[in-house]
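Enquirer: With chain A fixed as given, assemble chains B and C onto it according to the hints.
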Amino acid sequence: MEYKDYKVWKIEVKNSVAWVTIDNPPVNLINMPFLEDMERFFNQVKADDDVKVIVFQSADPEIFISHFDVTALTDFPETPEPAAAELQGWKKYFMEFRTLPKVTIAKIEGIVGGGGNEFCLSLDMRFGAIEKAVFSQTEAAVGIIAGGGGTHWLTRLMGRSRALEAMLGLMPYSAKMAERYGWINRALPADKIGQFVEILANSIAYVSAETIAIVKRSVVVAEEMSRKEGLLEEGHLFAIAAGSGESKGRMNQALDAGLQTREMELGPKNRLEELKKLFGDNV
Amino acid sequence: MEYKDYKVWKIEVKNSVAWVTIDNPPVNLINMPFLEDMERFFNQVKADDDVKVIVFQSADPEIFISHFDVTALTDFPETPEPAAAELQGWKKYFMEFRTLPKVTIAKIEGIVGGGGNEFCLSLDMRFGAIEKAVFSQTEAAVGIIAGGGGTHWLTRLMGRSRALEAMLGLMPYSAKMAERYGWINRALPADKIGQFVEILANSIAYVSAETIAIVKRSVVVAEEMSRKEGLLEEGHLFAIAAGSGESKGRMNQALDAGLQTREMELGPKNRLEELKKLFGDNV
Amino acid sequence: MEYKDYKVWKIEVKNSVAWVTIDNPPVNLINMPFLEDMERFFNQVKADDDVKVIVFQSADPEIFISHFDVTALTDFPETPEPAAAELQGWKKYFMEFRTLPKVTIAKIEGIVGGGGNEFCLSLDMRFGAIEKAVFSQTEAAVGIIAGGGGTHWLTRLMGRSRALEAMLGLMPYSAKMAERYGWINRALPADKIGQFVEILANSIAYVSAETIAIVKRSVVVAEEMSRKEGLLEEGHLFAIAAGSGESKGRMNQALDAGLQTREMELGPKNRLEELKKLFGDNV
Numbered sequence: 148m149e150y151k152d153y154k155v156w157k158i159e160v161k162n163s164v165a166w167v168t169i170d171n172p173p174v175n176l177i178n179m180p181f182l183e184d185m186e187r188f189f190n191q192v193k194a195d196d197d198v199k200v201i202v203f204q205s206a207d208p209e210i211f212i213s214h215f216d217v218t219a220l221t222d223f224p225e226t227p228e229p230a231a232a233e234l235q236g237w238k239k240y241f242m243e244f245r246t247l248p249k250v251t252i253a254k255i256e257g258i259v260g261g262g263g264n265e266f267c268l269s270l271d272m273r274f275g276a277i278e279k280a281v282f283s284q285t286e287a288a289v290g291i292i293a294g295g296g297g298t299h300w301l302t303r304l305m306g307r308s309r310a311l312e313a314m315l316g317l318m319p320y321s322a323k324m325a326e327r328y329g330w331i332n333r334a335l336p337a338d339k340i341g342q343f344v345e346i347l348a349n350s351i352a353y354v355s356a357e358t359i360a361i362v363k364r365s366v367v368v369a370e371e372m373s374r375k376e377g378l379l380e381e382g383h384l385f386a387i388a389a390g391s392g393e394s395k396g397r398m399n400q401a402l403d404a405g406l407q408t409r410e411m412e413l414g415p416k417n418r419l420e421e422l423k424k425l426f427g428d429n430v
Numbered sequence: 148m149e150y151k152d153y154k155v156w157k158i159e160v161k162n163s164v165a166w167v168t169i170d171n172p173p174v175n176l177i178n179m180p181f182l183e184d185m186e187r188f189f190n191q192v193k194a195d196d197d198v199k200v201i202v203f204q205s206a207d208p209e210i211f212i213s214h215f216d217v218t219a220l221t222d223f224p225e226t227p228e229p230a231a232a233e234l235q236g237w238k239k240y241f242m243e244f245r246t247l248p249k250v251t252i253a254k255i256e257g258i259v260g261g262g263g264n265e266f267c268l269s270l271d272m273r274f275g276a277i278e279k280a281v282f283s284q285t286e287a288a289v290g291i292i293a294g295g296g297g298t299h300w301l302t303r304l305m306g307r308s309r310a311l312e313a314m315l316g317l318m319p320y321s322a323k324m325a326e327r328y329g330w331i332n333r334a335l336p337a338d339k340i341g342q343f344v345e346i347l348a349n350s351i352a353y354v355s356a357e358t359i360a361i362v363k364r365s366v367v368v369a370e371e372m373s374r375k376e377g378l379l380e381e382g383h384l385f386a387i388a389a390g391s392g393e394s395k396g397r398m399n400q401a402l403d404a405g406l407q408t409r410e411m412e413l414g415p416k417n418r419l420e421e422l423k424k425l426f427g428d429n430v
Numbered sequence: 148m149e150y151k152d153y154k155v156w157k158i159e160v161k162n163s164v165a166w167v168t169i170d171n172p173p174v175n176l177i178n179m180p181f182l183e184d185m186e187r188f189f190n191q192v193k194a195d196d197d198v199k200v201i202v203f204q205s206a207d208p209e210i211f212i213s214h215f216d217v218t219a220l221t222d223f224p225e226t227p228e229p230a231a232a233e234l235q236g237w238k239k240y241f242m243e244f245r246t247l248p249k250v251t252i253a254k255i256e257g258i259v260g261g262g263g264n265e266f267c268l269s270l271d272m273r274f275g276a277i278e279k280a281v282f283s284q285t286e287a288a289v290g291i292i293a294g295g296g297g298t299h300w301l302t303r304l305m306g307r308s309r310a311l312e313a314m315l316g317l318m319p320y321s322a323k324m325a326e327r328y329g330w331i332n333r334a335l336p337a338d339k340i341g342q343f344v345e346i347l348a349n350s351i352a353y354v355s356a357e358t359i360a361i362v363k364r365s366v367v368v369a370e371e372m373s374r375k376e377g378l379l380e381e382g383h384l385f386a387i388a389a390g391s392g393e394s395k396g397r398m399n400q401a402l403d404a405g406l407q408t409r410e411m412e413l414g415p416k417n418r419l420e421e422l423k424k425l426f427g428d429n430v
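If you're matching them up, the sequences are chains A, B and C in order.
For what it's worth, the numbering used here labels the leading residue of the first sequence as 148, then goes sequentially.
For what it's worth, the numbering used here labels the leading residue of the second sequence as 148, then goes sequentially.
For what it's worth, the numbering used here labels the leading residue of the third sequence as 148, then goes sequentially.
Keep in mind that the hints were calculated from the coordinates and are not lab data.
Take these hints with a grain of salt, some might be off.
Identical copies look the same in the list; a pair holds intra-copy or inter-copy alike.
Said to hold, decoys possible - With a cut-off of at most 16 angstroms between alpha-carbon atoms, the simulated EDC-like pairs for lysine to aspartate or glutamate come out as follows:
1. Lys157 to Glu183
2. Lys154 to Glu186
3. Lys279 to Asp338
4. Lys323 to Asp428
5. Lys161 to Asp196
6. Lys239 to Glu183
7. Lys424 to Asp338
8. Lys375 to Glu233
9. Lys239 to Glu186
10. Lys323 to Asp338
11. Lys151 to Glu186
Next up, chain A with everything else stripped away, as it sits in the complex (with noise of 0.2 angstroms):
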């Protein structure tokens, strides 16, 4: 599948990633164009069987999303609306990302606020590079609030104490305290980031299709259901893997490879050196 003709958006496909490029000058506001490239993208991705992995970065080397564009903010009624009975818009888009079949990734190297940091918050993972990427969340100085899920998201990845502090701070954060308060998944130093989330992009897309929906499901299932219903559906939804024809394939495969014995079990281990080699203590 062909992705042209993006208005603020560049899209290449790469091995089952998608690397989606933001250029929106001067400082890639959500705008207009960022909003129509985002629904179009969504349509078209999902439908799209050769891509398994999105990962977000910024042609920007300052910025990475700056925010919601403000002047499109400054008329809403003074009587509002009672709360809508559906998501819409751009804001069902943002979470549609959390059910979507297939993993999305933002490399953040530069600067990330407002709605831009709502956006990267509805994505399933979040890398920060140390020194170049700064957070926040600071609607609220000029009286309104992180309405695009940022309340939602900060509150349930950090806790409310450090979400309010977050929102009503008006601080900056940098990439390191970003991943204390378990904004991202993980600070990088700026010149290992690119490699890192590239060997992570292409490591989750030797997973199958079929299974990393599986287990984007289950976490869907884990935030979801009741304990003991998700428990019984996660077991449900091990049946379905297993019983695939593609994964005895593969554990087949595995074992005819030596898995199990002490040489293959001792793997990780050496693959954690490997990683250690390349991106020291952050592994």
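Expert: For chains B and C alone, coordinates are given in the frame of chain A:
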């Protein structure tokens, strides 16, 4: 509004921030005078539109709050009453801090344990001084439990494994370890924590009272509603916030000042550099 | 109670702590002998009033538990059964550790992955040896998922973003990274982890069996009940704990020994200094 004739709390309001100094020698115990001051303060500050942020600190350089007065706990009936229908007394106030439309902060520069720690957990944010703050939750040593909300807060903030360790291991935790466990927002050098909390409190006080109330409400929504219902309610809260005249004024003022120009959008990076000069790796 | 004639587990009880050494060469696989020992041990220890704490360790210096025996997984039917109505077999025991009124601890000094990691996740606490423990959850590589509770525990402990990374990224994690992700309670130097876990286990064993049971129950309450219902139940559990004769004895003993005097209340700071001498920055 004046806050005078408190017994063991001293309250000073400056720039919409109430600084509450706990001064209950010899060990800052939670006893009747403490609880009477708390109840009185809670009801007074609730109605005080001039206060947006409340910071708790200790007059004792070594002890923040020791714990609940154990002499009051030794005459519980052997046959316990069934669970009550409503929270009562001090536990009710502990929990009402959670929904109070003002921000509460504990600046912890000494030992805090038992009910003192539960008091801190019931506030919105906690900061701990490195080498001075010491956290513990060791009721189990004398056969009781963290019944003032501690079992709830610790489990939510740090997960079951660390909560069980904290409540059954009878160990003290340094500020840095408390940060790593999610027990506090952040550990800060003892000679910097005062300045940090002052910057943070004043920064929050820059936010309008209405917006603070809506952000706190949005976190309660994220904690209590189902995902879908909560996200729809977040949209409604956003519309309330964005529709207010003050918010429109703030947004337009920010746009006039250059919001969405490149120079302005690089602001968070510059602000982070300033904060790094003050607080090093702690931002 | 004697624990003898186990096949691949060796059990020694000392000061109310059961030390279970897993010794299932060549790679400490979870196979039928392991599961038979687990079921037998669970039912025996459940009825053993002399045991308050259970510590799991490995006889293999490089491998804690490798994973579930994959040869047992290759014959799942292609058409999966619907979700079961009740947890069964080993998964039932994994989950019953959660509510067992004793504390379970994994002292992980080697490689642990797959079902071995799920076994650890189902215990109350996990500690990992720096430079020796290696964590992974890579079932997805062979087309299956962490169906022994892993998708549940990882999502709860570290949030959706890190859980998805762990389950789909096929990467190994060091003990320090595992601590940062919330996968384990704490990483400790390899030459100190034994002493640390021994101090912790003995410290927990100082708590009465009744109090341990009530604290574990209170965490289950915090996880499962709604906030209000849970807080009311916490009050009820507190009343049960405080009303017991043993608790009154322990409280009065502590008061007689000087509790609430300044000297005694500075105890946690002194204890932390002692622990720092042993464990440096790891307390």
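Enquirer: Check Lys157 against Glu183 for me: Cα-Cα at most 16 angstroms, and say if that holds within a copy, between copies, both or neither.
Expert: Close inside one copy (13 angstroms), not across copies (56 angstroms); limit 16 angstroms.
Enquirer: Taking 16 angstroms as the upper bound on the Cα-Cα distance, should Lys424 and Asp338 be classified as within, between, both, or neither?
Expert: within (14 angstroms within a copy, 23 angstroms between copies)
Enquirer: Using 16 angstroms as the alpha-carbon threshold, which applies to Lys323 and Asp428: within, between, both, or neither?
Expert: both (13 angstroms within a copy, 8 angstroms between copies)
Enquirer: Check Lys161 against Asp196 for me: Cα-Cα at most 16 angstroms, and say if that holds within a copy, between copies, both or neither.
Expert: The answer is within: 13 angstroms in one copy meets 16 angstroms, while 58 angstroms across copies does not.
Enquirer: Reference check for the pair Lys375 and Glu233, CA-CA at most 16 angstroms: within, between, both, or neither?
Expert: Only across copies: Lys375 and Glu233 sit 8 angstroms apart there, 28 angstroms inside one copy, limit 16 angstroms.
Enquirer: With 16 angstroms as the alpha-carbon cut-off, assign the pair Lys154 and Glu186 to within, between, both or neither.
Expert: Within. Shortest intra-copy distance 12 angstroms satisfies the 16 angstroms Cα cut-off; inter-copy 58 angstroms does not.
Enquirer: At most 16 angstroms between C-alpha atoms: does Lys239 with Glu183 qualify within a copy, between copies, both, or neither?
Expert: within (13 angstroms within a copy, 48 angstroms between copies)
Enquirer: Give the relationship of Lys151 and Glu186 under a CA distance limit of 16 angstroms: within one copy only, between copies only, both, or neither.
Expert: Cα proximity of Lys151 and Glu186: one copy only (14 angstroms, versus 58 angstroms across).
Enquirer: One pair to classify: Lys279 and Asp338, alpha carbons no more than 16 angstroms apart. Within, between, both, or neither?
Expert: within (10 angstroms within a copy, 28 angstroms between copies)
Enquirer: Quick one: Lys323 to Asp338, C-alpha cut-off 16 angstroms, is that within a copy, between copies, both, or neither?
Expert: within (15 angstroms within a copy, 22 angstroms between copies)
Enquirer: With identical chains, the pair Lys239 and Glu186 could be close in the same copy or across copies; at 16 angstroms between alpha carbons, which is it: within, between, both, or neither?
Expert: This pair counts as within: shortest intra-copy Cα distance 10 angstroms, inter-copy 44 angstroms.
Every hint from the earlier list agrees with this structure, and none is contradicted.
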